[in-house]
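Undergrad: Chains as they are written, first to last, in the numbering used here: chain V, 1 to 396; chain E, 1 to 396.
It should be emphasised that the hints constitute simulated quantities derived from the structure, not laboratory data.
All values derive from a computational prediction rather than experimental measurement.
Do not rely on the hints blindly, as some may be mistaken.
What the hints assert, rightly or not - On the chain V side, residues computed to face chain E include the following (Cβ under 10 Å):
1) Leu-74
2) Ser-86
3) Asn-88
4) Ala-118
5) Glu-119
6) Glu-123
7) Thr-152
8) Thr-268
9) Met-272
10) Pro-285
For glycine and all other residues, C-beta sits at the position ideal for the given N, C-alpha and C.
There are 2 protein chains.
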Amino acid sequence: MLVQKYVDMLQGKSVIRTLSEFAAKRGKEIGYENVFDYSLGNPSVPVPQEFTKTCIELLTKEAPVKLHGYSQSLGIPDVRKKVAESLNRRFGMAYTADHIFMTSGAAGALSHAFRLVAEEGDEILTFAPFFPEYNPYVNLTGAVLKVVPPQTSDFQINIEAFEAMVGERTKAVLINTPNNPSGIVYSGKTLKKLAGILERKSKELGHRIYLISDEPYREILFAGVEATYVSKVYDYTISCYSFSKSLSLPGERIGYVAVNPACPESKTMIQMCGQISRGIGHNCPASLIQLAVARHLDKTSDLSVYETNAMLIYEELVKLGFTCVKPGGTFYIFPKALEEDAKIFCEKAMKYDLVMVPGDSFGCPGYFRMAYCIDTEKVERSLEAFRRFVKEEYGR
Amino acid sequence: MLVQKYVDMLQGKSVIRTLSEFAAKRGKEIGYENVFDYSLGNPSVPVPQEFTKTCIELLTKEAPVKLHGYSQSLGIPDVRKKVAESLNRRFGMAYTADHIFMTSGAAGALSHAFRLVAEEGDEILTFAPFFPEYNPYVNLTGAVLKVVPPQTSDFQINIEAFEAMVGERTKAVLINTPNNPSGIVYSGKTLKKLAGILERKSKELGHRIYLISDEPYREILFAGVEATYVSKVYDYTISCYSFSKSLSLPGERIGYVAVNPACPESKTMIQMCGQISRGIGHNCPASLIQLAVARHLDKTSDLSVYETNAMLIYEELVKLGFTCVKPGGTFYIFPKALEEDAKIFCEKAMKYDLVMVPGDSFGCPGYFRMAYCIDTEKVERSLEAFRRFVKEEYGR
Numbered sequence: 001m002l003v004q005k006y007v008d009m010l011q012g013k014s015v016i017r018t019l020s021e022f023a024a025k026r027g028k029e030i031g032y033e034n035v036f037d038y039s040l041g042n043p044s045v046p047v048p049q050e051f052t053k054t055c056i057e058l059l060t061k062e063a064p065v066k067l068h069g070y071s072q073s074l075g076i077p078d079v080r081k082k083v084a085e086s087l088n089r090r091f092g093m094a095y096t097a098d099h100i101f102m103t104s105g106a107a108g109a110l111s112h113a114f115r116l117v118a119e120e121g122d123e124i125l126t127f128a129p130f131f132p133e134y135n136p137y138v139n140l141t142g143a144v145l146k147v148v149p150p151q152t153s154d155f156q157i158n159i160e161a162f163e164a165m166v167g168e169r170t171k172a173v174l175i176n177t178p179n180n181p182s183g184i185v186y187s188g189k190t191l192k193k194l195a196g197i198l199e200r201k202s203k204e205l206g207h208r209i210y211l212i213s214d215e216p217y218r219e220i221l222f223a224g225v226e227a228t229y230v231s232k233v234y235d236y237t238i239s240c241y242s243f244s245k246s247l248s249l250p251g252e253r254i255g256y257v258a259v260n261p262a263c264p265e266s267k268t269m270i271q272m273c274g275q276i277s278r279g280i281g282h283n284c285p286a287s288l289i290q291l292a293v294a295r296h297l298d299k300t301s302d303l304s305v306y307e308t309n310a311m312l313i314y315e316e317l318v319k320l321g322f323t324c325v326k327p328g329g330t331f332y333i334f335p336k337a338l339e340e341d342a343k344i345f346c347e348k349a350m351k352y353d354l355v356m357v358p359g360d361s362f363g364c365p366g367y368f369r370m371a372y373c374i375d376t377e378k379v380e381r382s383l384e385a386f387r388r389f390v391k392e393e394y395g396r
Numbered sequence: 001m002l003v004q005k006y007v008d009m010l011q012g013k014s015v016i017r018t019l020s021e022f023a024a025k026r027g028k029e030i031g032y033e034n035v036f037d038y039s040l041g042n043p044s045v046p047v048p049q050e051f052t053k054t055c056i057e058l059l060t061k062e063a064p065v066k067l068h069g070y071s072q073s074l075g076i077p078d079v080r081k082k083v084a085e086s087l088n089r090r091f092g093m094a095y096t097a098d099h100i101f102m103t104s105g106a107a108g109a110l111s112h113a114f115r116l117v118a119e120e121g122d123e124i125l126t127f128a129p130f131f132p133e134y135n136p137y138v139n140l141t142g143a144v145l146k147v148v149p150p151q152t153s154d155f156q157i158n159i160e161a162f163e164a165m166v167g168e169r170t171k172a173v174l175i176n177t178p179n180n181p182s183g184i185v186y187s188g189k190t191l192k193k194l195a196g197i198l199e200r201k202s203k204e205l206g207h208r209i210y211l212i213s214d215e216p217y218r219e220i221l222f223a224g225v226e227a228t229y230v231s232k233v234y235d236y237t238i239s240c241y242s243f244s245k246s247l248s249l250p251g252e253r254i255g256y257v258a259v260n261p262a263c264p265e266s267k268t269m270i271q272m273c274g275q276i277s278r279g280i281g282h283n284c285p286a287s288l289i290q291l292a293v294a295r296h297l298d299k300t301s302d303l304s305v306y307e308t309n310a311m312l313i314y315e316e317l318v319k320l321g322f323t324c325v326k327p328g329g330t331f332y333i334f335p336k337a338l339e340e341d342a343k344i345f346c347e348k349a350m351k352y353d354l355v356m357v358p359g360d361s362f363g364c365p366g367y368f369r370m371a372y373c374i375d376t377e378k379v380e381r382s383l384e385a386f387r388r389f390v391k392e393e394y395g396r
């Protein structure tokens, strides 16, 4: 008499996991340095040394009973205040501590955001291509995730398709820019159009549609790309952040929810997060990590390797005749496969020790994702494998 | 259009919070050292120094990309293995890593345990007096928490009342021993009786009733008290643990779920926890904290102060004529108030700067809880206030 829905979920095996298991197995045969594993979005650069120093300083100088003591369920007050101030400084917002809720990473942030505005039977819309974990994240709340088809020409938003899909049960729209898997940054124009529709539809439907903005890649932006802080274009924005990528701390599970102060219920929403936590067993992030991150909010790891890798791969792919939108950030690129079925394409690539993820699970069949958070030296070697792969399999 | 159930929850203010706010306010007037704040269960002794050393060593010696990298959603494999080995060593169990799921504290552990076995409309039974957070923890899953009335003579389990309450929808029984708020340790006899009924009822009803054992106080046991490892008496036990109290790390939010290997579905249940996490946005605890705790599994903080305080308070209360069951562990004691309404009793006590929690919210009106995780010197001073309080208000 176990709860069947979770038993059933055990049957479906993640494509990404299957691929990374292949990469690990192959690595044992030929040395992992010879497997061009583009399957996983795990940061490859270290946290800044100052962060480590801060942790040690906290452990050395603070009284342990205080340092490791219970923190408030909304997060440590001074940490929330510092997060607000950093966002205000960087993006010209007007957050206070009362608009910030500290979370256990992005998953923790999103799980609160969804529950703030949607319940059983409600709909949350997102745009393909999208991070496949959004499916269980949303669907296990009782709400339903609906996916707007991709606009493959530039991976901006398919506005017409979106507008047609907004309905009575639509309570929120979920976006992710810079985007996993496309690497694309939504333009100011895209965001303004989106905000315009949200305003209009909210009025038409007589209920507010919230914008949930998942921003773990916000800090990984490439030269010449302008990014708009999403909450700037729409007052009813719930920003979900994680330090996993910007500070290379994915294992420490730290992030936050920030609700735009211009949203009339913003402070109530943060208080509600504390209640949602009680139901889902969420605890705010580890005290030590909260305190350490709060001292490095405006810093990032040295993220330049991701841009170097992006450009190397992009240029080579274009040379080889791939259709590919140039990434504006993240550590992903999402080219079109050289045959209709990207699953078959990626399977063939594995013969050349190239491990890449078919676009099907991102809601965009026919494309494939490369996560290039690996050493540049390895990227360079992989391009040779890529050339052989394309020549031998596709005669290019 | 926010989700109303969470908005409604904001109305109900926690009694404990109101009390600790009073304590903080009064502390500003007369110095917090003069407020006898028995309201909060926050450990008062430091984590062992070795733990701090381990953290610093990990930060100094491990490569940051590895140390802070993504950990598997079930927890770091070697940490799970070490937890299993420690439990086997200490309690003669046969756990492997496959029976352990690392969680963000006890709330994280319980939120998975409930979802493993109960869904919308199911019932989970617990025994008064009980930790009031069980209410939102269970009820927000869609299942319903039912409370068996207390057996105030010894705060063991009211077996007859329990048996009468087990029904078709009962999917699990939730116990907490050593108990918050009573400080009582369930005897081996109590646990065996409970297990017997669970076996019999499971057969009668044709479905398995699981035992969920919430054990954050497992390590705080007083001299002469024998404690049974709960999972020993019933195969279908899901043990939920937190290091908050044993290692004085409440802010670091680390614990685990351990499912008895004799339960035929035990390994499946741990795998299911990973799926449940995806729905509730749970992330396993911070990597750094997992790794550090794994090196100190058989150790605890110096917990002796809690027993010292327990005995001082217990003896004084008995002298003053209170009806009081002697605590066997934890840092709580749960005496009977000197008048019927414990809320009025506790209000009167506040005039003497004694801050204690009425038993009503623990499902046991007429009693009150004292959390004596404070310095012994302060306990001693508080007893003088207690004597004045009892004499002036009740003429004893």
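Undergrad: Going back to the hint list, which numbers does this structure go against?
TA: Hints 1, 2, 3, 6 and 7 contradicted; others consistent.
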